[in-house]
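Chains A and B, in that order, are what the protein sequence lines are.
Position 4 of the first sequence, counting from 1, maps to 3 under numbering that gives the first Met the number 0, and the rest follow consecutively.
Position 200 of the second sequence, counting from 1, maps to 199 under numbering that gives the first Met the number 0, and the rest follow consecutively.
Simulated from the structure, these hints should not be mistaken for lab results.
A portion of the hints provided could be inaccurate.
The list treats identical chains as one, so a pair stands whether inside a single copy or across any two.
Claimed, not checked - Restricting the straight-line Cα-Cα distance to at most 20 Å, the calculated cross-link-like pairs of lysine to aspartate or glutamate (DMTMM-like) are:
| no. | residue 1 | residue 2 |
| --- | --- | --- |
| 1 | 215 | 110 |
| 2 | 215 | 115 |
| 3 | 215 | 52 |
| 4 | 5 | 53 |
| 5 | 89 | 53 |
| 6 | 174 | 106 |
| 7 | 5 | 198 |
| 8 | 174 | 226 |
| 9 | 89 | 146 |
| 10 | 33 | 163 |
| 11 | 5 | 195 |
| 12 | 89 | 54 |
| 13 | 5 | 213 |
Number of protein chains: 2
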Amino acid sequence: MAGQPKIVTAALLLIGNELLSGRTQDANLNYLAKQLTAMGIRLAEVRVISDEEDEIVNSVNELRTRYNYVFTTGGIGPTHDDITCESVAKAFGRRYMVNEEARRILENYYDGSGRDLNEARMRMACTPEGAELVNNPISRAPGFRIENVIVMAGIPAVMRAMFESVAPSLEGGVKVISRAVSVLMGEGDIARPLSELQERYVGLEIGSYPFVRESKFGTTLVIRGTDESDLEAATEELISILRELGATPEDKPAISDGSWPKPEA
Amino acid sequence: MAGQPKIVTAALLLIGNELLSGRTQDANLNYLAKQLTAMGIRLAEVRVISDEEDEIVNSVNELRTRYNYVFTTGGIGPTHDDITCESVAKAFGRRYMVNEEARRILENYYDGSGRDLNEARMRMACTPEGAELVNNPISRAPGFRIENVIVMAGIPAVMRAMFESVAPSLEGGVKVISRAVSVLMGEGDIARPLSELQERYVGLEIGSYPFVRESKFGTTLVIRGTDESDLEAATEELISILRELGATPEDKPAISDGSWPKPEA
């Protein structure tokens, strides 16, 4: 018998008062959710917390023991309100200190830039002792990884560049694949046979997402799982069920790319 | 002496596998963050979790003891994957049962609609015993409130209508007001005097948010607090500091409406 497929999990910690006050609209969650899903890493939980040391320390410690990876975004700049790096060092009980490689990166960047690598900017060269740097091709000041915790910037363009830098070193598990079928029929008319279908395929996860199009109720049904033959069989059964109910589903929905299926799809 | 200003806090629990897989982009966090901030309710923490009973029960119980209000979104439809209501009942140790008022609302709605109030749809009339309903003027199936936990739909239009229904019954605390000043100067050049300003105004929260405009680095500085005279004084000092550094800040930034300040502002 083959071994159990490997499940790899992650949590995401979005750090920043501006997200909680509503001043800034998050643009990192959905990007990271899609990227991780595509790599076979299951995003299991997301938290948004304020720039407060206790909050960061407690959340990092809680999440890093529970999941394979923890990604943080935000709070790694040069100003007094950027306290993520010190707080992560504290969570690990490590010293917060200048990383010599980060210092060289910043020295090279600021040298001749007309801007000053002052004391405040030198804070961006500090990491917990022993952390590995995460490359930042956009604005140079690096992120870092310590054990299973990856600390990234909050600015979406910088976060994405950092994630692309670190992604090749991440170990994915078995990938979740999915099929989506949309019909112009209310969820409530499909609920019972759908529940019975879920009971027959306990290894798959069947989700139902309502939408409205031209004042008509529609439902997108999404089947997700790791076993492609089960997924195909369940999708065939689902399509039969929907036809029996009088709906006109798509016959052969494409493998989803993880984006919200358009009602037109 | 006047009493201490009252601080009212809230947590938000976004429930749904589709948010964690990246299939759906959240549209509720930022709306609720802005609304709560405007009402004097401080959103202190947000969690995004999957449609799993243990996750919901544990998160609801952890958050409802820690904050004045807990808002949940998602998982209250008629299909098997909608388990928020049962899970919240379990969190409170209450029976999950038909709410007679909700039953009447659904009977009136489906009567003559051409759609059937079947067993699956009747699940939408169930709440924890003793819950108060939250009106849903869009698709009728109500949300509910039990003690300090308010359970709402995940579909943004329905969630917003439910929030508007429940908002008048929420008790706000002292409101946080803010000033925002933008300059075309890098964060690192402002960091030190900004930190000193923060030390002089411990009752205010000073945030620094970098941006890039036409390849130039800029910074938006946001001062938040509850004391308007402190806020005015700190803003005046900030503007003087920025002028001394050679930047040209706005003289009289408007009271922020909570949206991300445009670099042009």
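- Message: Regarding residue 215 and residue 110, is the shortest C-alpha distance of 20 Å or less found within a copy, between copies, in both, or in neither?
- Response: Only across copies: residue 215 and residue 110 sit 17 Å apart there, 62 Å inside one copy, limit 20 Å.
- Up to 20 Å CA-CA - residue 53 versus residue 5, copy category: Cα proximity of residue 5 and residue 53: none, with 33 Å in one copy and 22 Å across.
- Query: Between the shortest in-copy and the shortest cross-copy C-alpha distance, which are at most 20 Å for residue 5 and residue 213: within, between, both, or neither?
  - Reply: Close neither inside one copy (43 Å) nor across copies (46 Å); limit 20 Å.
- Can you tell me if residue 215 and residue 52 fall within 20 Å by alpha carbon in one copy, between copies, both or neither? Answer is neither: 49 Å inside a copy and 31 Å across each miss the 20 Å cutoff.
- Task: Give the relationship of residue 33 and residue 163 under a CA distance limit of 20 Å: within one copy only, between copies only, both, or neither.
- Result: For residue 33 and residue 163, only the intra-copy Cα distance (13 Å) is at most 20 Å; the inter-copy one is 32 Å.
- Query: From the Cα coordinates, with 20 Å as the cut-off, is the pair residue 174 and residue 106 best called within, between, both, or neither?
  - Reply: Neither. Shortest intra-copy (41 Å) and inter-copy (43 Å) distances fail the 20 Å Cα cut-off.
- Between the shortest in-copy and the shortest cross-copy C-alpha distance, which are at most 20 Å for residue 5 and residue 195: within, between, both, or neither? neither (28 Å within a copy, 51 Å between copies)
- Give the relationship of residue 89 and residue 54 under a CA distance limit of 20 Å: within one copy only, between copies only, both, or neither. Answer is within: at 12 Å inside a copy they meet the 20 Å cutoff, but 27 Å across does not.
- Task: At 20 Å max between alpha carbons, let me know whether residue 174 reaches residue 226 within a copy, between copies, both or neither.
- Result: Classified as within; 9 Å inside a copy, 52 Å across copies.
- Message: My question is about residue 89 and residue 53: at a cut-off of 20 Å on alpha-carbon distance, are they close within one copy, between copies, both, or neither?
- Response: within (10 Å within a copy, 30 Å between copies)
- For the identical chains here, do residue 215 and residue 115 meet the 20 Å Cα criterion within one copy, between copies, both, or neither? This pair counts as between: shortest inter-copy Cα distance 15 Å, intra-copy 60 Å.
- Up to 20 Å between alpha-carbons, please classify residue 5 paired with residue 198: within, between, both or neither. Classified as neither; 24 Å inside a copy, 50 Å across copies.
In this structure, the earlier hints numbered 3, 4, 6, 7, 11 and 13 are contradicted, and the remaining ones agree with it.
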